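A.B. asks: Sequence:
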Amino acid sequence: MKQFIKTQSLFSLLFLLTFFSAAASNPAGSDKSLKEALEGKFYIGTAVNSWLINGGDAKSLEIVKKHFNSIVAENCMKSENIHPEEGKFHFKQPDKIVEFGEANNMFIVGHTLIWHSQAPKWFFIDKDGNDVSRDVLIERMRFHISEVVGRYKGRVHGWDVVNEAINDDGSYRESKFYQIIGEDYVELAFKFAAEADPNTELYYNDYGMANPGRRAGVIKMVEKLQAKGIKIDGIGMQGHLNLESLSVDEVEKSIVAFSKTGLPVLITEFDLTILPWPTNRSQTADIAMRAEYEQRMNPYADGFTKEALTEWSDKCTELFRMFLKHHDKISRVTTWGVTDNHSWKNNWPIPGRTDYPLLFDRNYQPKPVVQTIIEEASKY
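The sequence shown begins at 40 in our numbering and counts up one residue at a time.
No lab work stands behind these hints: they were computed from the structure.
Every value quoted in this text rests on a predicted model; they were computed, and no experiment measured them.
Every residue, glycine too, gets a C-beta built ideally from N, C-alpha and C.
There are no misleading hints in this set.
Listed next, the in silico DSSO-like pairs over lysine-lysine satisfying Cα-Cα at most 27 Å (straight line):
no., residue 1, residue 2
1, K104, K135
2, K98, K117
3, K80, K299
4, K74, K418
5, K166, K215
6, K131, K104
7, K270, K368
8, K406, K74
9, K192, K117
10, K259, K292
11, K160, K127
12, K74, K104
13, K192, K131
14, K230, K270
15, K98, K345
16, K117, K131
17, K354, K80
18, K368, K71
19, K80, K105
20, K74, K105
21, K292, K354
22, K267, K230
23, K74, K354
24, K299, K354
25, K131, K105
Taking CB as the label site, the calculated pair distances span:
no., residue 1, residue 2, range
26, G79, K292, 20 to 30 Å
27, D165, S352, 50 to 60 Å
28, F182, A340, 42 to 52 Å
29, D134, R335, 38 to 48 Å
30, Q265, T349, 36 to 46 Å
With the hints as constraints, model all of the structure from the sequences given.
C.D. replies: If you want it as structure tokens, here you go:
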């Protein structure tokens with residue numbers, strides 16, 4: 040009898056050791072995905088590109104399927120790619136992205152219809168290389184938007200209609216659209232998009248949206264559109280952030296201020312870099328910016344240090360905790376890429392740097408902050 044009890048006790052001890060060992064290696068909730076944890080709060084999305092959708096990285100695609108319930112086209116829907124020559128459209132790659140989103144029951148976002156950057160030159164010039172007239176550019180805008188949005192009517196659930204139209208001081212960026220048409224090009228773009236698909240959501244999207252001047256300028260523009268009865272369904276705050284200049288308080292102020300327009304806020308293009316900023320120029324996401332490579336500007340070429348990861352994780356946690364606090368105002372948070380190894384931040388604004396700005400690392404593993412977000416989500 041004593042031997043039986045001793046055997047049972049040993050069995051129980053082994054069971055408990057096995058249980059707690061498994062619990063330590065697989066903490067509660069660790070099998071839960073981001074999209075499951077954030078259900079009822081906001082969509083969690085990511086940008087995907089043609090290379091990924093065409094099978095370039097199967098492991099990243101599995102992460103997308105498991106953790107995200109929204110996708111946005113990173114590049115192939117930008118006008119220089121989808122409409123490189125007048126009347127000639129390249130729909131093959133955008134079609135594949137839309138089909139992938141549909142197959143995985145995702146909220147699909149098109150990016151972007153009207154943007155001064157990555158626009159084909161023919162938009163703005165005639166056969167002699169001179170600027171076209173206001174009427175010609177308006178018609179080219181209308182045709183482009185109607186063809187692209189119309190093709191995906193009822194399939195793409197939201198569009199970044201106009202991208203980066205406002206400067207840091209709140210004035211309009213003097214792009215070719217602004218120079219030739221005037222500030223009402225924004226209004227016209229939203230009108231054309233609504234005509235092409237009355238049921239899709241239409242967004243304004245910009246970087247530096249925690250900047251008080253740009254914040255005020257965007258609100259003024261949005262309220263003007265609303266006063267005219269123009270359909271606009273959300274304000275996109277690009278989340279290209281850097282620890283050197285990030286103020287979570289200012290980001291929060293913008294979320295609250297934008298929500299007072301009555302529109303939901305979207306955190307778009309999220310990536311958080313810890314790398315040093317190369318110039319005295321204020322933080323920006325202007326893709327035209329370039330700086331020369333210097334070794335001191337690439338401090339983590341051989342890997343993220345434990346201290347750097349801790350600093351990054353703490354700030355990322357602070358941001359997502361704030362997003363969750365305001366989940367009633369936010370309808371989507373989208374990361375600009377899936378894993379660190381494919382982030383555009385590795386080459387911008389300094390080509391050849393090694394950056395670590397996303398939620399999943401180069402080994403396709405979730406960073407500790409992913410589990411933290413999952414746990415934090417249960418509190419809201």
